[in-house]
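**Q** Same order as they appear, the protein sequences are chains A and B. In case it helps, this note's numbering puts the first sequence at residues 374 to 659. In case it helps, this note's numbering puts the second sequence at residues 9 to 430.
In short, the hints are calculated from the structure, not lab data. For clarity, every value in this text was computed on a predicted model and none was experimentally measured. Incorrect hints may appear among the rest.
In silico EDC-like cross-links for lysine to aspartate or glutamate, where the CA-CA straight-line distance does not exceed 16 Å [said to hold, decoys possible]:
hint, chain 1, residue 1, chain 2, residue 2
1, B, Lys296, B, Asp285
2, B, Lys427, A, Glu484
3, B, Lys18, A, Asp498
4, B, Lys170, B, Glu123
5, B, Lys381, A, Asp498
6, B, Lys399, B, Asp305
7, B, Lys174, B, Glu123
8, B, Lys41, B, Glu123
9, B, Lys427, A, Glu609
10, B, Lys296, B, Glu306
Calculated from the model, a selection of chain B residues having no Cβ within reach of chain A, i.e. all distances over 10 Å [what the hints assert, rightly or not]:
hint, residue
11, Ser11
12, Asp36
13, Glu86
14, Ser162
15, Arg177
16, Glu179
17, Glu213
18, Glu230
19, Pro332
20, Lys399
21, Glu426
Glycine included, every Cβ here is placed at the ideal spot set by N, Cα and C.
What follows is the residue order along each chain.
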Amino acid sequence: MAYKIKAKYIGRLAEKLIHHGKARVRHVFKNTVYLDAGGELIVITRKGFKAPMNIGVEEGHSFDKLVKPCEVMRLSHLRIEGERIVIHLDESSTYDYVPAIHEPGAVSVGEALVRGAFMVSILYDDAGGRITHSHPFMRFLEGVVAPLSAGGTIDAEALHRLLGYGWGFTPSGDDILTGFLPTLWHLKGPRITIPVEVLEKATTWASGRLLRYAQEGLIDEGLAGFIRAIQIGDGELALDHMLGIVRRGHTSGLEIAVGALIASSIMCERAGGYGVLRRVLGKLIS
Amino acid sequence: MSSIREEVEKANREAVERMMESDPLWVDMGLAKDKIPGMRDYMLLHAGPPLTWERASGPMKGAIIGAILYEGWASTPEEAENLVKSGQVTLEPNHHHSSVGPMAGVISPSMPVYEVWDRRWGNRTYSNLNEGIGKVLRYGGYDEEVLGRLRWMSEVLYPVLKATIKELRSEKEGVSLKSIIAQALQMGDDCHNRYNAATSLFLREITPYMMRTGHDKKMIIEAYNFMNANNFTMLNLGMAAAKAMTLAAHNIEYSTIVTVMSRNGTDTGIWLSSLGDRWFTAPAPIPKGVWFPGYSDEDANPDLGDSSITETAGFGGFAMAAAPAIVSWVGGSVQLAIETTKKMYEITYAKHKYFQIPYLNFQGTPTGIDVRKVLKTGITPTINTGVAHKKAGIGQIGAGIVSFPLQLFKDAFKAYAEKYGL
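Looking at chain B on its own, in the form it has when it is part of the complex (with noise of 0.2 Å):
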């Protein structure tokens, strides 16, 4: 019979193992209704752990408020309100419906997303489309430039996506979205807040299908555009990559291995492979950040978003070493970034298989965040993140860098040591 002590051990090499294995690929896209499971009318996913409206943070509420307005719900954020106070509406984490969405993660019922196949695990998870910076829903805004925005991505990038996929299935599975993240790291990514080399290697590699859609020219071009523009586009496909891989380390009896890391502007939550869907909650950490000017910290909201999940699957913040150029975004120096990567092996399980950092020698990165190795040495997940105005409406105001508090850590060992040593 084997010790406690081996049988952990085996379940945090097949959980990270599994991980690292994780294949995903985009295959397809659809609105959330007809893709996300479980998805309702009349029910808004966010990002982080459960939240209520009362508890709910100013960027938040904006989203929420915007989702409802977007959906034609309501006509007025008022009412929009009331439908969430009353209950008509209801919330519910991304996490619950393997999907993911960057800082408030609102995903509504006829908002297009991403679908991603793990072709390793046969897993499937979700995503909404990237706006791009600045006054966007994600960061709580909700006025008609946002909302024109949204359906102007309904209308006409969405459709290109659509077809654009269904033309290059035609031929292969899918977009690998680990070779273009393994890629990625190699240019100066650490493709949670810098995407600007996945975003240039994604649209190469699906600009000729989209060429043969067959769509309106016009149409083709805009989408185009757009997403050459925002260098957060491959952000989403990214994060759905994430939870694609640390899904597949999820349910493993025994493993101390972190799967979900997540924020919602009030609360920040994490969940351990061998305790299911158990949230533990710790209030969220307002992030050291850059700002943009006219903005301080006294306006910055505490951290919100699923985008954690990129370092939870050992990218992100834990590769800030093979993104120099991300501190002139977030803050901090080059050699903080280096420090931070070389933190983060001390914390986690395993050096990442094919995610890679050329600066470290080619290191893989520090990937399988390990809840024993957090609270023997007290060292907590560092990761990057964007910064949105605390109040609703304004949206994004900077970005920066924010450690988990310990006291996440804490619980979900306790819980761990109730489940499996009594």
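Only chain A is shown next, with the shape it has when bound in the complex (with noise of 0.2 Å):
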């Protein structure tokens, strides 16, 4: 007999998606499961942070007990059905939160970001080592943050260096590209973005699915409520959503964090806030 979950909500791609009618198991954890519907991504998750591409579930037992990896899964819009689940979608709500595009609301903001970037640097577990030490994220930071803060034209080399770099399910490098792409172009930066077919080379399946929706605009609860914040110009509000966000994963939360802050510090110089790009920077880097 299967075993039934309620999901929670849907995000508003997750139930585009469920359109596919079914859907492979790409990798299973012990609270997430990554389907591959058509070739796009969709995560069911027991995680606490609503997005786009997600379903969230109630708790119960661990996925990697009840799925299979490449186990095919059908889906309707009134459950999504595999060999020993059943998951009902049919008092669920629904995600959709679009952000705005808008400049950062308040220069003052830099001090907070100052002190992000610090917590961030102190919340890091040296044991593994870290990304922000290494030779593609200086790159990143000559190639791509140094021209973006003077106005001038980025090194794409540089930034494709960051892909698939470093360690985890989502390697570091990406995730400090889904926390910078959209988080720049959401305060009304550049809007940068990595080729499909950069992303399929350089990096994992889902690491690549996730980045590119990220730098389509489809980001999670706690990256939008990060940018409205700094849009608002609310430095208090913007570090409350910055410590949701690292949370997530062994190292992720803490890159899509530094991507995030980098970014707005580029905004925020730009806005008039001189210095809060080399102070930010240089508690990432020490």
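Two independent chains are provided; combine them into the complex using the hints.
**A** Laid out in structure tokens, this is it:
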């Protein structure tokens, strides 16, 4: 008999992807399942934050005992059915937040960004090394961050070198870009996108999808909240959201925060918050 | 020059080492006005962060009224209430006076208190005497039964204990509370909501000296029977011991270790070692509990008490795996007790050198809550607690488990970054 659980919400993208009718299980973890629906990603998860590609479900048995990799699941607007699990969707809400594009609301958020960078730097456990000490990160600062802050042209190669670099299910370099690209764009900076074919080659399937969605503005509620707080000039609120983001994964959340802080600092600097970017980078690199 | 992370690491190592090496002894008894630093006439100490009468919960108001009646400052609850409202009676947190009290934690100037001395670091801490469970002052009770018991404690229990500790100190420095806690954790106590073994060990240690005090035999028997019938006799001493341990870890520059966690029935609050006596507060949550007959969660007051100082020092809810029988009192399953302890390892700096858990292959208890780990994992400290009725005058209605709100730790860390990160 199949194990039954209820979904609490469905993200806007996941809802759209259900039309595929079926999806293959790509990865299974204790609290998360990654589905491939016609080449696109649906994430079934018990983790707290809402995101457009997620289906958030209630607490229950570990997924790795209920779902097998490569298993095909049937999708409908009422339920998702696997061999040993049924996820009921009929009582779930829809997560449908689209962040607005607006510049930083106040230069004063710069102080909060510096504090945020300090927080991130001491939340790292240095046992496994840190991407902010790596060569690709330094190249990213030289080839992408420096030109952006000066209004120049970025070096795409420096941007792409971060792809797939580092540790974890979503590599650290991808996580930085997942925070950086949408934050920059939504704070009225340049919209930088990485071509799909580059993503396909340079990183893992799931991470590449997540990064592609991020650069298209399909971001989770934590990052959206951070960006919104910067837009309205509320540095304290931005830090609250950042402290929600940092909890994700082993270091994924920290690296998404690194990207978001750098992008925000660039835009804050461009709005007249002189010295913010240098101070933020100083904390992150130290 | 060392980096900030090296400074933090060094500071946390020092803070937790000092906490674990603290060696609190019960050394004396006295009246609060004579013992507690800064205690004044017409002042009441209470549990948790600072509080005004207007914001106080039912059980806290009940305990305040009861303490004023006990002191004889007023003869009716209404008069008592007016004294606080008019500012003639002032309220201050126990923690501002190196003191702790369970639940409402109200201590008035004439109440007898234990004095605990940290043999290793020299600090002195204080707590009141435990009244037992049910309708008692600390749960907001203030009728004649409650006040009569308090008077008896002052007139009979206090002089017996005062003479007992004097007699004991003619032979040794005091009663080692660390030793009792360490033993009790291996005998099925968590030393927050279960003190059965610890109370027995305490009585075993002090009874010979009690017999030698020369007090009237009837008084001694009454005092002994009262303490023996109350499994929470050791709670207040355990809390004063925990306060001494955490005080030893307090005020260390750069440290991200939590040195106070407490609740006043309205707010819950914490201190961070490097940020001094600055409170970070959030609304107190309502515990998930096991209710006494006739009560439910609808009757429950938000959490209160300084007793979470035990978890701050590395025992209590953090040592639930040592106390499987506690689940019959606070709810949940034995597995939950084990899981709770295991989870707390994820947010603490060290495993305690002296407090061990037999079931976990004698691993040390999770010790030294690191605010960075709380924020990185999203796991907040879980404590065992008693539950008071939300109305004044009724008392205890159950016991349970509660987790501290994440917002406290966010706010503390933001303030830490303001001090060290700019």
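**Q** None of the hints should be skipped; say for each whether it holds.
**A** Do the hints match the structure? See the list:
1. Lys296(B) with Asp285(B): This hinted pair is violated, its Cα atoms lying about 30 Å apart.
2. Lys427(B) with Glu484(A): Given that 16 Å is the threshold and the Cα spacing comes to 12 Å, the pair holds.
3. Lys18(B) with Asp498(A): Answer holds: Lys18(B) to Asp498(A) is near 14 Å, not above 16 Å.
4. Lys170(B) with Glu123(B): Holds - the C-alpha atoms of Glu123(B) and Lys170(B) are around 10 Å apart, at most 16 Å.
5. Lys381(B) with Asp498(A): Holds. Lys381(B) to Asp498(A) sits at ~10 Å (cutoff 16 Å).
6. Lys399(B) with Asp305(B): Since the Cα atoms of Lys399(B) and Asp305(B) sit roughly 13 Å apart, the hinted pair holds (cutoff 16 Å).
7. Lys174(B) with Glu123(B): At roughly 12 Å apart (the allowed maximum being 16 Å), Glu123(B) and Lys174(B) satisfy the hint.
8. Lys41(B) with Glu123(B): It holds: about 12 Å lies between the C-alpha atoms, which stays within 16 Å.
9. Lys427(B) with Glu609(A): 15 Å, holds
10. Lys296(B) with Glu306(B): 11 Å, holds
11. Ser11: 6 Å, violated
12. Asp36: Correct as stated: the minimum Cβ-Cβ distance to chain A is 42 Å, above 10 Å.
13. Glu86: 42 Å, holds
14. Ser162: About 48 Å separates Ser162(B) from the closest Cβ of chain A, which puts it past 10 Å; holds.
15. Arg177: The claim stands: Arg177(B) keeps its Cβ more than 10 Å from every Cβ of chain A (closest is about 46 Å).
16. Glu179: 49 Å, holds
17. Glu213: Consistent with the label, Glu213(B) stays out of reach of chain A, its closest Cβ about 43 Å off (over 10 Å).
18. Glu230: Non-interface label stands for Glu230(B): nearest chain A Cβ at 51 Å, farther than 10 Å.
19. Pro332: 23 Å, holds
20. Lys399: The claim holds: Lys399(B) sits with its nearest Cβ about 33 Å from chain A, beyond 10 Å.
21. Glu426: Incorrect as stated: the minimum Cβ-Cβ distance to chain A is 6 Å, not above 10 Å.
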